[in-house]
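2 protein chains.
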Amino acid sequence: MLIVQKYGGTSVANTGRIKAVAERVVAAAKQGHQVIVVVSAMSGETDKLIRLAHEISDRPDDREMDMLLSSGERVTIALTAIAIQKLGHKSMSFTGRQVGIITDSVHTKAMIERIEANRLKIALDEGKIPVVAGFQGIDEFSDVTTLGRGGSDTTAVAIAAALKADLCEIYTDVEGVYTTDPRIVKEARKLGKISYDEMLEMASLGARVLHGRSVEFAKKYNVPLVVRSSFNYAPGTLVVKEDEDMEKIVVSGVAADKNQVRITIMAVPDKPGIAASIFNEIASANIVVDMIVQNISSDGNATDMSFTVSKADSKKALEIAKSVSDKLGAKGVNMNTDVAKVSIVGVGMVSHFGVAAKMFETFAKEGINIMMISTSEIKVSCVIDVKHTERAVQVLHDIFGLAAA
Amino acid sequence: MLIVQKYGGTSVANTGRIKAVAERVVAAAKQGHQVIVVVSAMSGETDKLIRLAHEISDRPDDREMDMLLSSGERVTIALTAIAIQKLGHKSMSFTGRQVGIITDSVHTKAMIERIEANRLKIALDEGKIPVVAGFQGIDEFSDVTTLGRGGSDTTAVAIAAALKADLCEIYTDVEGVYTTDPRIVKEARKLGKISYDEMLEMASLGARVLHGRSVEFAKKYNVPLVVRSSFNYAPGTLVVKEDEDMEKIVVSGVAADKNQVRITIMAVPDKPGIAASIFNEIASANIVVDMIVQNISSDGNATDMSFTVSKADSKKALEIAKSVSDKLGAKGVNMNTDVAKVSIVGVGMVSHFGVAAKMFETFAKEGINIMMISTSEIKVSCVIDVKHTERAVQVLHDIFGLAAA
Numbered sequence: 013m014l015i016v017q018k019y020g021g022t023s024v025a026n027t028g029r030i031k032a033v034a035e036r037v038v039a040a041a042k043q044g045h046q047v048i049v050v051v052s053a054m055s056g057e058t059d060k061l062i063r064l065a066h067e068i069s070d071r072p073d074d075r076e077m078d079m080l081l082s083s084g085e086r087v088t089i090a091l092t093a094i095a096i097q098k099l100g101h102k103s104m105s106f107t108g109r110q111v112g113i114i115t116d117s118v119h120t121k122a123m124i125e126r127i128e129a130n131r132l133k134i135a136l137d138e139g140k141i142p143v144v145a146g147f148q149g150i151d152e153f154s155d156v157t158t159l160g161r162g163g164s165d166t167t168a169v170a171i172a173a174a175l176k177a178d179l180c181e182i183y184t185d186v187e188g189v190y191t192t193d194p195r196i197v198k199e200a201r202k203l204g205k206i207s208y209d210e211m212l213e214m215a216s217l218g219a220r221v222l223h224g225r226s227v228e229f230a231k232k233y234n235v236p237l238v239v240r241s242s243f244n245y246a247p248g249t250l251v252v253k254e255d256e257d258m259e260k261i262v263v264s265g266v267a268a269d270k271n272q273v274r275i276t277i278m279a280v281p282d283k284p285g286i287a288a289s290i291f292n293e294i295a296s297a298n299i300v301v302d303m304i305v306q307n308i309s310s311d312g313n314a315t316d317m318s319f320t321v322s323k324a325d326s327k328k329a330l331e332i333a334k335s336v337s338d339k340l341g342a343k344g345v346n347m348n349t350d351v352a353k354v355s356i357v358g359v360g361m362v363s364h365f366g367v368a369a370k371m372f373e374t375f376a377k378e379g380i381n382i383m384m385i386s387t388s389e390i391k392v393s394c395v396i397d398v399k400h401t402e403r404a405v406q407v408l409h410d411i412f413g414l415a416a417a
Numbered sequence: 013m014l015i016v017q018k019y020g021g022t023s024v025a026n027t028g029r030i031k032a033v034a035e036r037v038v039a040a041a042k043q044g045h046q047v048i049v050v051v052s053a054m055s056g057e058t059d060k061l062i063r064l065a066h067e068i069s070d071r072p073d074d075r076e077m078d079m080l081l082s083s084g085e086r087v088t089i090a091l092t093a094i095a096i097q098k099l100g101h102k103s104m105s106f107t108g109r110q111v112g113i114i115t116d117s118v119h120t121k122a123m124i125e126r127i128e129a130n131r132l133k134i135a136l137d138e139g140k141i142p143v144v145a146g147f148q149g150i151d152e153f154s155d156v157t158t159l160g161r162g163g164s165d166t167t168a169v170a171i172a173a174a175l176k177a178d179l180c181e182i183y184t185d186v187e188g189v190y191t192t193d194p195r196i197v198k199e200a201r202k203l204g205k206i207s208y209d210e211m212l213e214m215a216s217l218g219a220r221v222l223h224g225r226s227v228e229f230a231k232k233y234n235v236p237l238v239v240r241s242s243f244n245y246a247p248g249t250l251v252v253k254e255d256e257d258m259e260k261i262v263v264s265g266v267a268a269d270k271n272q273v274r275i276t277i278m279a280v281p282d283k284p285g286i287a288a289s290i291f292n293e294i295a296s297a298n299i300v301v302d303m304i305v306q307n308i309s310s311d312g313n314a315t316d317m318s319f320t321v322s323k324a325d326s327k328k329a330l331e332i333a334k335s336v337s338d339k340l341g342a343k344g345v346n347m348n349t350d351v352a353k354v355s356i357v358g359v360g361m362v363s364h365f366g367v368a369a370k371m372f373e374t375f376a377k378e379g380i381n382i383m384m385i386s387t388s389e390i391k392v393s394c395v396i397d398v399k400h401t402e403r404a405v406q407v408l409h410d411i412f413g414l415a416a417a
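Top line first, the protein sequences correspond to chains B and C.
207 is the number that this note's numbering gives to position 195 of the first sequence; each next residue is one higher, with no gaps.
27 is the number that this note's numbering gives to position 15 of the second sequence; each next residue is one higher, with no gaps.
Intra- or inter-copy, both count: the list cannot distinguish identical chains.
As a list, the in silico DSSO-like pairs of lysine-lysine whose alpha-carbon atoms are at most 27 Å apart:
#1 K31 <-> K327
#2 K328 <-> K140
#3 K60 <-> K31
#4 K31 <-> K328
#5 K60 <-> K102
The set of hints was computed from the structure by calculation and includes no laboratory data.
Construct the complete structure from the given sequences, taking the supplied hints into account.
Here it is as structure tokens:
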């Protein structure tokens, strides 16, 4: 088999951990597999670099941030290759550029356009274990780009897709995908299998085990994913196409995301094209908007427009919202940073009525006020006050019977 | 003027220092100069990375070490560009690859073959201050290479030569080139001017203000160099072609180098081609030999061959010496790590007799035993026991009257 193994920051946090990873990689090679390793920066490194940049400027340039942050993975690829060589196996490190990961030029959140992968094929043919820097690529100007937080997952899946790998293993510090965050709900249960779609919703909802784009990629190219721990040998969670075997439970998971802020533009005069004028400007600043809710304003002739963005984008988004508000003659803008998004996800929801209603009813009983609602075929999300997050997750986990194995 | 400014590790040791560097750079730009900045890794970073590699392997692969170490400069170029932008000036960071620094493939001590510099010219034309990663380049395989310790000086001079800059300023934590190490001799005096040749000897002798190759480059392309402090505005030392104005003192400096070991192959059977067979093998391992001394052995039919190499190369060199010794039927090999090389340098020595004799006489009076001697037109070096280093430097500095201004 050709296996791509991706190790996250906690899995390569120090030289002891890197040696353990090398042992795992070499063990797979000794079983006769061809292995490609993708690694993240050592945990804490990326945050340290961001802190340094912010000591210098509160709005550092995106291109320079990519140059800065891409240094972290260079350290781990070199150390991991050295550790594999030390075990007597041939190995060679590669940057994003060297394996030909070509992206667009949207610095700090670039999208992969294609992977050339010639050097990877040559290295495999020579019996080497290639160790590839996750999270990074280059654009058409030969400038370094990064794929955004969690981008190493996407690197791994994209390489697996490009080389038609049989399996992509995502090694992390948890044993798989759980029905909810085990730190919040102690009865949380590890799922044996989950569909790409469910995983996509879970990922976008703040269940931080897998980067959303990596799941999209895996779904598009039908790459079988396994999420498992690099700290033990427990079987992980398989992420695959929805199939007949898949547990047909209505709700398969509860997710919480505290990394969002809600921005509201108040009393926007109600006429066509307003939403477009707001969200075009935000999109052109390369900010991803998550939920959007439009309500009739209290006086009836205007509209309150609320949306959520990640905390990292909140400053930029707030500035844009203010300028749009002035332009449209709205009443003003407010931002609420004390919010959380709590969601339920499940492929079974498509064919079951009343799931959303049951969620709202549960919140009502608990006295948890809902600020925004957004639904898709297989999920329901509510924005609530951040202080209720843990309780909300716990009661939903109970009410939908997720602890029962 | 077009000025290349190079800032070493202590000059960019933290974000406070990086901001100070940015101010200095922008001040030069405001005076109407075009400025290109070259930076090293933050001080301590390179040693930290080497330590991590050695935690994993005692003989890490050279290619992987280059991948590892080249990460340090990426951090400083990005942070420095951000700091310059913060002061309202346009700036852009460049890796060795991005400015087209093409080297040979001798990892960890690569030599620059050419510099393309197209992107630097474009950036300057756009009014940007380019910030370039020192110490690194790429080879013909597109693999990352590094130029060895102090290689950032060479990067700066090579760029200055390629772009025909008017001046190359080397910023460091000392105010210039001294008659000897001021930490050893408190009367040490800063030189206003020194010739390329003298500086070359001083550099190769362990006066660590300038990387030897950078001075060769500067001499070859006639790039005026200034060595000065980034911590104050004191005028530095100008390194230029020898001219009439130059102080015609006999000895202009005393240097000490403790970073060497002496290896002796004992009683090599005395026949032609011996030196070649030893030093060809060492050269093909990419080890630079410094001094070589051949003596008649005590029994008259054999030769003792001694040479010095840097401590970093001592393990490899010792292995080679042992295998050569076996092959040639020599008596064996010994290595002495407790040695130092103490040297006097000066263009005036060419036309003065007795300078070397005065040095040996001084050592004799002080009871300092000389183990090896090597001379060139403008320097005399002696290898002595490391414990005498400081005293040797002090007495030479006194006897040659260097303290007198």
